[in-house]
Every structure is written in C-alpha cells, then in structure tokens.
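Protein chains: 2
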Amino acid sequence: MKRLNTSPISGAQELLPSAQAVFDNLKEEISGVFHLHGFQNVETPIIDRNEILFAKAGGDTEKQIYRVVKTTESVEDSTESLRFDHTVPLARYIVEHESNLAFPFRVAQIGINFRGERAQKGRFREFYQCDIDVIGRETLPLSYDAQVIATLYEALKKFELPAIRIRINNRKLLSEIINGLGLSDKADAIYGIIDHAEKVPAEKTVAALRELGVPEESVVKITTLINTHGSIEDVAKLDIVDIESEGFKELESVMSELKAMGVKDAEVDMMIVRGLDYYTGTVFETIVPGYESLGSICSGGRYENLCSNYTDQKFPGVGGSIGLTRLFCIFSENGLLKEGSEAAPVDVAIIPMDRAMMEASYKLAESIRSEGKSVDVISTDKKLGDKMKHAARVAKFGIVVGEDEVISGHFEIKNFATGESAPLEI
Amino acid sequence: MKRLNTSPISGAQELLPSAQAVFDNLKEEISGVFHLHGFQNVETPIIDRNEILFAKAGGDTEKQIYRVVKTTESVEDSTESLRFDHTVPLARYIVEHESNLAFPFRVAQIGINFRGERAQKGRFREFYQCDIDVIGRETLPLSYDAQVIATLYEALKKFELPAIRIRINNRKLLSEIINGLGLSDKADAIYGIIDHAEKVPAEKTVAALRELGVPEESVVKITTLINTHGSIEDVAKLDIVDIESEGFKELESVMSELKAMGVKDAEVDMMIVRGLDYYTGTVFETIVPGYESLGSICSGGRYENLCSNYTDQKFPGVGGSIGLTRLFCIFSENGLLKEGSEAAPVDVAIIPMDRAMMEASYKLAESIRSEGKSVDVISTDKKLGDKMKHAARVAKFGIVVGEDEVISGHFEIKNFATGESAPLEI
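Going line by line, the protein sequences match chains P and S.
Mapping of the first sequence onto this note's numbering: residues 79 to 504, in sequence order.
Mapping of the second sequence onto this note's numbering: residues 79 to 504, in sequence order.
Some clues are possibly wrong.
[As the list claims (entries may be wrong)] In silico BS3-like cross-links for lysine-lysine, where the CA-CA straight-line distance does not exceed 27 Å:
id: 1; chain 1: S; residue 1: Lys264; chain 2: S; residue 2: Lys250
id: 2; chain 1: S; residue 1: Lys467; chain 2: P; residue 2: Lys392
id: 3; chain 1: P; residue 1: Lys337; chain 2: S; residue 2: Lys441
id: 4; chain 1: S; residue 1: Lys441; chain 2: P; residue 2: Lys236
id: 5; chain 1: S; residue 1: Lys465; chain 2: P; residue 2: Lys392
id: 6; chain 1: S; residue 1: Lys327; chain 2: P; residue 2: Lys461
id: 7; chain 1: P; residue 1: Lys451; chain 2: P; residue 2: Lys465
id: 8; chain 1: P; residue 1: Lys337; chain 2: S; residue 2: Lys460
id: 9; chain 1: P; residue 1: Lys451; chain 2: S; residue 2: Lys451
id: 10; chain 1: P; residue 1: Lys460; chain 2: S; residue 2: Lys392
id: 11; chain 1: S; residue 1: Lys327; chain 2: P; residue 2: Lys465
id: 12; chain 1: P; residue 1: Lys141; chain 2: S; residue 2: Lys148
id: 13; chain 1: P; residue 1: Lys451; chain 2: S; residue 2: Lys342
id: 14; chain 1: P; residue 1: Lys250; chain 2: P; residue 2: Lys277
id: 15; chain 1: S; residue 1: Lys148; chain 2: P; residue 2: Lys148
id: 16; chain 1: S; residue 1: Lys235; chain 2: P; residue 2: Lys105
id: 17; chain 1: P; residue 1: Lys337; chain 2: S; residue 2: Lys465
id: 18; chain 1: P; residue 1: Lys327; chain 2: S; residue 2: Lys460
id: 19; chain 1: S; residue 1: Lys250; chain 2: P; residue 2: Lys460
id: 20; chain 1: P; residue 1: Lys467; chain 2: S; residue 2: Lys392
id: 21; chain 1: P; residue 1: Lys235; chain 2: S; residue 2: Lys441
id: 22; chain 1: S; residue 1: Lys460; chain 2: P; residue 2: Lys392
id: 23; chain 1: S; residue 1: Lys105; chain 2: P; residue 2: Lys236
id: 24; chain 1: P; residue 1: Lys441; chain 2: S; residue 2: Lys236
id: 25; chain 1: P; residue 1: Lys327; chain 2: S; residue 2: Lys465
id: 26; chain 1: S; residue 1: Lys392; chain 2: P; residue 2: Lys461
id: 27; chain 1: P; residue 1: Lys441; chain 2: S; residue 2: Lys327
id: 28; chain 1: P; residue 1: Lys474; chain 2: P; residue 2: Lys451
id: 29; chain 1: S; residue 1: Lys461; chain 2: P; residue 2: Lys392
id: 30; chain 1: S; residue 1: Lys461; chain 2: P; residue 2: Lys327
id: 31; chain 1: S; residue 1: Lys337; chain 2: P; residue 2: Lys451
id: 32; chain 1: P; residue 1: Lys236; chain 2: S; residue 2: Lys451
id: 33; chain 1: P; residue 1: Lys460; chain 2: S; residue 2: Lys337
id: 34; chain 1: P; residue 1: Lys235; chain 2: S; residue 2: Lys451
id: 35; chain 1: S; residue 1: Lys105; chain 2: P; residue 2: Lys451
Since the hints were derived computationally from the structure, they do not count as laboratory data.
Since we're looking at a predicted model, the values are computed, not measured.
From just these sequences and the hints, can you work out the full model?
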C-alpha cells in the first residue's frame, strides 16, 4: 500500500499541543486587550467575492490571491477567492451593515488570512492577523489615532518582549516638508526613497535622491530628516518643519495623548512612511530593539476613505495590525517567548486502579471540574505504573483512585513536578 | 463610479457585532468544556495537500472540495485544497507528530471547514465545527466512548436548549443482529434502509426491505428493531438480540458509564447507523425534542483505524462533532438562543466634556480597565447630548468627565438600562 507524505503544507503553522496552548493563550490575551479597550469583534467570511478582493488589490497582491475553485469547475467559472487581509472585507462589511453600526465603530478582527507568497523562511501563506480599527462616518477625531496605538501597545506587551519601540510619523507632515522644499512633483519618488532608507547604506539613499534631481541642499535636509527620531521637540528643531502646520500639530497631539495614556515606548521617527499610498495622516511601525532585522511587528495608520469602492459616503478610519503567526514563529525561534509550564496542559489526571473504580473516578473528576480545573481520567487497561507515566506526561497533578481511597474517602494528590504527595482537599 | 455589491458570499455567516459576541461566547464556552475534560487544542492548516484531502474523500465529498489556485496558475498546477472536515487533517497530524504525542491523545479542534455545497437555507459552505477525539495507539479502551459523549453533552448544555436527547447505538450490535438473521450478504443495503427510516413513512421502509428480498419474518423483526429506543433493557428484551454478544455488551457498558457520569438525556436508539462506512462500534446522534426536523445537532462514534492511508500502525479513535455555525443559525431563527444583554457590548463609556478632559478620561479609563471592565472613551467633537446617545448605544454604563468632576474627584456612573445614576466607586 502506498504511504502518503504527512507533512503539512509549506508556509503554514502546525504546532504540537503544548506550543498550540501558548499560541492560543497569546491570541486570547490579545483579544482580551482589544475587548477591554471597547473594540467589538467582527468576523467576515474567509471566502469573499472576486469583485471585492480584486477591486482594491493590484500588482503583487493580486498575484498572491488564492482563488477557490470546485473540483467540477474551471478557474474561469469561479467567482470567489480567499481574503488576503482584514481591511478589504471590513470596508465591504461597513457599507453592508452601516445602518446597524454605531460610529465611531471600534472593531477588532482576529482571524486567518491567505497570501500566495513564495514559500520561504518567515513568509507564511496562511497566517493569523489581529487587527483593530476605529471607523468614523464623515469625520473621525484625531484622538482615536493615539487610542489605537495605545491598545496595540498593551496587546504587544502580552508577548513579554525584552523591549519594544513604537515609531510614529505623519504623512501630512512629510508632505508639507517635501512641498516646503519645492519638491512636490517628486513627492512619491522621495517617499519611496525614505521608505527604503533603512534597508540600504546611507550613500545609496543620497545617491538615489541626487539621481532624482533633488538639489544638494535639499539632499542634506532630507537625509537629516530621515535620521531624526526621538521626541516631538527633536522634530520641531528642524528648520524644514513648520510647527504651525497641520501635520506637525497632528503628530504633536498624538505623541502628547500617548504620553497621557502611559505609552512609554513611543517615539517620533521621520523615517516611517508605510508604503506609497493608502495612509493619509498618522503612520506607525514597531520594532524589538536588538532584533531590528525582524522588521516591524505591528504597523498601521490613518486612512481618510476606507470604502470609496462601494459608496460616496466617507468613512475615515485609523487602524493597525499584529501579524500573530509570524511573530509567534520568529519570537519562538529567537527564544523570546515565555514557554510556560505548558508541557503538561491538563491540571489533574485521575488514575483508576481498575475498571471497577471508573464510577468513583468519574464522580471525583466531576467535583474537580466544578472548581474550574481540567481533568483527564486515564482509562487505559495498562498496569498502574504505565498509567502513572502517562498521567505525568499529560497532567500537573495525579490522583490514584482505588478501593481503599473510595471506602475511606481520603485521596492523595501527587505533584508530578516535585514528586510530593499531599491529602486532597475538595 | 461603479458601486460594488457589498453582500458577503452565500452560505457563510456574517454577524452584527452584538450577535458575533453571542457566537464568540458560545464558542469559548464549548472550548472551555473541552479543556475541562482534558482535551488539548490542535489547529491544522485550513489548506492541505490534495493527496491528503482526496485520498479519503470520494463521491459527493470529492465534488465539494474547494481547490485553491493562484491567479497565475491553472487548476492543474494547483496541488492544494481547503479542508472539508477536521478528521482527515487530524489523521495526517497524528502520523506526522506521533512520536511527540501522548496516547491516548485527547484532542479538540475548533475551526472553519469548507464545502462546495449548493447554496440553500441551512447549508453552509464555510462553517465552524467543534470536534473532539480520543486517539489510542494500537488499542483504545471502551470507556473513552462514554467520556467523549459526556463531554459533548456538557458542551451542548451551553446552548441552553429546552431539551436534548442523545441517541446511541453500536454498529457491532447491528451487524450481529443482521448476521443472526442470516442476512449478512445484504448487510450494507439494510444499514442504508435503517439509516433512511426516519426520513420516510414506515411503509416505505417495509417495502424497501421486501424489495431487497428480506424474508417477511425478518422484515417484521427489523422494523420492530428500528422502532426500539429507550433503556438498554428495552433492547435486551428483543429476541433477535444476544445479550452475551460483544456489540450488546459494549452498548450496555457505554450506557452504564454515561449514567455514572450523570448524562441524563442519553438513550439507546436502534435506528442510529451514521452512514455506511467509517464507524465500527459506538455511534450517536443528538436531537432537540420538538425540533426533530433540524436533524442531528451533534454526532460521532468509534472508528478502528484512523490513519490507514498513512501508516501500518493502528490508531483507533472515538470522536464527535458539533456543527457550531449551523446550530447557531438555526437556533437563532427558532428563538432557541438566549440573546443576553449583548446589545451594548462595552461595559463603560467615558464621555469627556471637551478635549481638555481627554487626559483625565484616559486615566479614569485605565483604572476601570485594570478591574477587568471594558471601556470606550467617546472622543468625538460632538455636543454632549450626541456623545451620550452614542455612549448609551455602545455601553451599559456611562461616566461624564468634566472640570467639576476632575477637581472634586467625584464621578457619577449612569446605568443606561435604568436611567439611574450613582456615585462611582473605584
């Protein structure tokens, strides 16, 4: 008989139960933070219609979309695909359910997305993302920008990383600066250069600006700008920054609100652009100091018109995303995750001496569960020693149920970690 | 500009936030019950390899599999599809990770599966299923059958249905009876007729048995058998049942263990077959009395060889599944779900009088969150009355933060349901 290969697909996560418990716990903690901050959970279908998914996608994203095709269909017949992010289905959801939603709408989405990336280390094709967004109708006050960042900051703290640094910028401010230098016709190209600056040596950035025809004086100012990070005062000192401008005032206000909310690890960083389109105001990325090569672990920003493909109504929003699967994978590999004592995921194993003890074992299990402890009743017909070995592998504590124990009503509970036993009190 | 249709795909669930909260809560409660009973969570990728998914599928299931195809690929190039249940990927998982698992392995899987069903009411193409299984290596004692059923029973109780009835049978017993009647050559066809008996008038069942060439005396015995349900004693009374047979003893033992575990709503039902293959011992279905037309809401059974496509090792198992999305949908429509006070999903809304009150509002929010309550800080620039209206829509309680409150340190908390206010104690 032909034996099939049993490995999971490449680019997806498949964990052993103990690691899965750590992952699930992190997911729940993140969800808990989102909930505490007033974000309501929404789950759109994983499959969406092509006209929705392909409307906003383009270029590389479009090539990465997985279409779903029934065995009896051809690709041309198929009208549906797998979502590649939470934002596109959310825009559809907002317009579809608009009359039943209260705006500003605080929405959380924790779910699986799919991208047909080339399989390579750290690149997932199937992955969890944890998104929050606040969506306004017509307008959305700036305060929500800081609230979104503060909520994501609280969520990231659940990873218990050695440190994190949130890098914040404002696209309006960048635009004002470029315009102030008289370079508005080259704005998109300059954003692209700034966006790439971190990944290339400084000379390459200078060369790219020169090649674009940026005057030497402005090249110096832009490279100084790119390297400016720290407090809002550091930015205010730059002669190309107008502290009365809208962009600067927005950034100043976001930083001040973050301070008021106790977000200690946020700083202004003029190198942050977040791609070429989409975002219109606040933008942010997050790094783990010492592990900068991992890239941004949580990013987002403000967008002024989420639903323009579906409606003339304006829905401005601000949001951000944690790439949970990717973070879990790289943090595990770098030893950055607390492992916990998850090796024995069940609290108590009950070990009946023989089949005659099953009923008493079930009763004891029930009373322990009623106190919120998880219980495995070891029901194999093996020798007591073998049953104890299995119990020690799956549970933190073990209780043997034999005739003497049942008659006396006295049970011993054994701590498998220490080997010590004590009378059970229930 | 062309406006796109914003409806979700057919055959999938898309809920408003208040209903989503009820759904999420049920999902968490079911997960909690599984955990309490010692089941460990496992999540296999949604996408799996065709050789895995198509190996065990066949007929209708194969036609319903969704293949995933990149935009740049043809269907023939694609080697992957969406899983249609939890069992096939679990079998792959068991063999792949066997050396790192402790057997008997109690495993829970709560996730989304996909089937290309024709879209019709109550049929989902994308849906949550909640599965538990206990998998043994080489052997698996019968006690686990009752434990799986008891765990699913506890989970179903979270729906707070008016009543449930678990109907239990044993495939070995059925087989013994058919063999005892000398009809073993017609066994599969007779199983098919019994399996269908509930959906057709009694005359049709009789006619089908006669047409198959079953002697008249046996037709009477089989129709009597089909209508036998209740206690194990009711089955023992039938003259075609050998109470010394393996099948009868297994069924008797499962019923007796369920009683010991306090599962009150279980009964023997000789009409239960669960399809033609796959199951080899215990089989069960669950109905809601008064709503029989909904069909079985939770089913499963014992199978002797889960992983035969991948290995010569024997992995017997017993498991069952709750079709969460389907149940949630039909229970909602039939008014069977407790709605809860989920209309206002946030605990407390903080309403700053003006922007100068933001910092004080954030501090207050932080202290309320530290007690585990969810807080929305209403940050719109609207009039106080409008902010209060929004607050009452999203939260159960509201606290206005103005200069007087901040100076005095005394805040009033308003219960939006009763309209009453009281001093805030924190």
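A quick look at each hint next to the structure:
1. At most 27 Å may separate the alpha-carbon atoms for a hinted pair to count; Lys264 of chain S and Lys250 of chain S meet this at roughly 15 Å.
2. Note on Lys467 of chain S and Lys392 of chain P: the hinted pairing holds, with a Cα-Cα distance of about 22 Å set against a maximum of 27 Å.
3. For the suggested pair Lys337 of chain P and Lys441 of chain S, the alpha carbons sit about 11 Å apart, so the restraint of at most 27 Å is met.
4. A hinted pair counts as satisfied when its Cα atoms are at most 27 Å apart, and Lys441 of chain S with Lys236 of chain P qualifies at roughly 21 Å.
5. Taking the CA atoms of Lys465 of chain S and Lys392 of chain P, the gap is near 20 Å; set against the 27 Å cutoff, the hint holds.
6. A hinted pair counts as satisfied when its Cα atoms are at most 27 Å apart, and Lys327 of chain S with Lys461 of chain P qualifies at roughly 24 Å.
7. In summary, the hint linking Lys451 of chain P to Lys465 of chain P is supported, as the alpha carbons are separated by about 20 Å, within the 27 Å threshold.
8. Taken as a hint, the Lys337 of chain P and Lys460 of chain S pair is honoured in the structure, with Cα atoms around 24 Å apart against an allowance of 27 Å.
9. For the given pair, Lys451 of chain P sits about 24 Å from Lys451 of chain S by alpha-carbon distance, which is consistent with the 27 Å threshold.
10. With a C-alpha separation of about 17 Å, the suggested pairing of Lys460 of chain P with Lys392 of chain S holds against the 27 Å cut-off.
11. In summary, the hint linking Lys327 of chain S to Lys465 of chain P is supported, as the alpha carbons are separated by about 25 Å, within the 27 Å threshold.
12. Straight-line distance between C-alpha atoms of Lys141 of chain P and Lys148 of chain S comes to about 7 Å, which keeps the hinted pair within the 27 Å bound.
13. Straight-line distance between C-alpha atoms of Lys451 of chain P and Lys342 of chain S comes to about 23 Å, which keeps the hinted pair within the 27 Å bound.
14. Taking the CA atoms of Lys250 of chain P and Lys277 of chain P, the gap is near 23 Å; set against the 27 Å cutoff, the hint holds.
15. Annotation: proposed proximity of Lys148 of chain S to Lys148 of chain P holds, straight-line Cα distance about 14 Å (limit 27 Å).
16. Proximity of Lys235 of chain S to Lys105 of chain P is assessed by CA-CA distance (about 26 Å); at most 27 Å being required, the pair is judged to hold.
17. For the given pair, Lys337 of chain P sits about 25 Å from Lys465 of chain S by alpha-carbon distance, which is consistent with the 27 Å threshold.
18. Of the supplied pair hints, the one linking Lys327 of chain P and Lys460 of chain S holds, its CA atoms being roughly 21 Å apart against a limit of 27 Å.
19. The hinted pair formed by Lys250 of chain S and Lys460 of chain P meets the criterion: a straight-line CA distance of about 24 Å does not exceed 27 Å.
20. Between Lys467 of chain P and Lys392 of chain S the alpha-carbon distance is near 22 Å, which keeps this suggested pair within the 27 Å criterion.
21. Of the pairs offered as hints, the one joining Lys235 of chain P and Lys441 of chain S holds, with about 19 Å between alpha carbons and a cut-off of 27 Å not exceeded.
22. For the given pair, Lys460 of chain S sits about 17 Å from Lys392 of chain P by alpha-carbon distance, which is consistent with the 27 Å threshold.
23. Between Lys105 of chain S and Lys236 of chain P the alpha-carbon distance is near 23 Å, which keeps this suggested pair within the 27 Å criterion.
24. Distance hint between Lys441 of chain P and Lys236 of chain S is fulfilled; the C-alpha atoms sit about 21 Å from each other, no more than 27 Å.
25. Taking the CA atoms of Lys327 of chain P and Lys465 of chain S, the gap is about 25 Å. The hint holds against a cut of 27 Å.
26. A threshold of 27 Å between alpha carbons decides the hint, and for Lys392 of chain S with Lys461 of chain P the separation of about 21 Å falls inside it, so the pair holds.
27. Annotation: proposed proximity of Lys441 of chain P to Lys327 of chain S holds, straight-line Cα distance about 23 Å (limit 27 Å).
28. Taking the CA atoms of Lys474 of chain P and Lys451 of chain P, the gap is near 11 Å; set against the 27 Å cutoff, the hint holds.
29. Between Lys461 of chain S and Lys392 of chain P the CA atoms are separated by roughly 21 Å; this keeps the pair inside 27 Å, and the hint holds.
30. Only pairs whose Cα atoms come within 27 Å are accepted, and Lys461 of chain S paired with Lys327 of chain P is accepted, the gap being roughly 24 Å.
31. A C-alpha spacing of about 22 Å is found between Lys337 of chain S and Lys451 of chain P, which places the hinted pair at or below 27 Å, so the restraint holds.
32. Restraint check for Lys236 of chain P and Lys451 of chain S: the C-alpha separation of about 18 Å stays at or below 27 Å, so the hint holds.
33. Between Lys460 of chain P and Lys337 of chain S, the direct Cα distance comes to roughly 24 Å. Compliance with the 27 Å bound is thereby established for this hinted pair.
34. As the CA atoms of Lys235 of chain P and Lys451 of chain S are separated by approximately 19 Å, the hinted pair is consistent with the 27 Å bound.
35. With a C-alpha separation of about 19 Å, the suggested pairing of Lys105 of chain S with Lys451 of chain P holds against the 27 Å cut-off.
Checked against the numbered hints listed earlier, the structure breaks none of them; every hint is satisfied.
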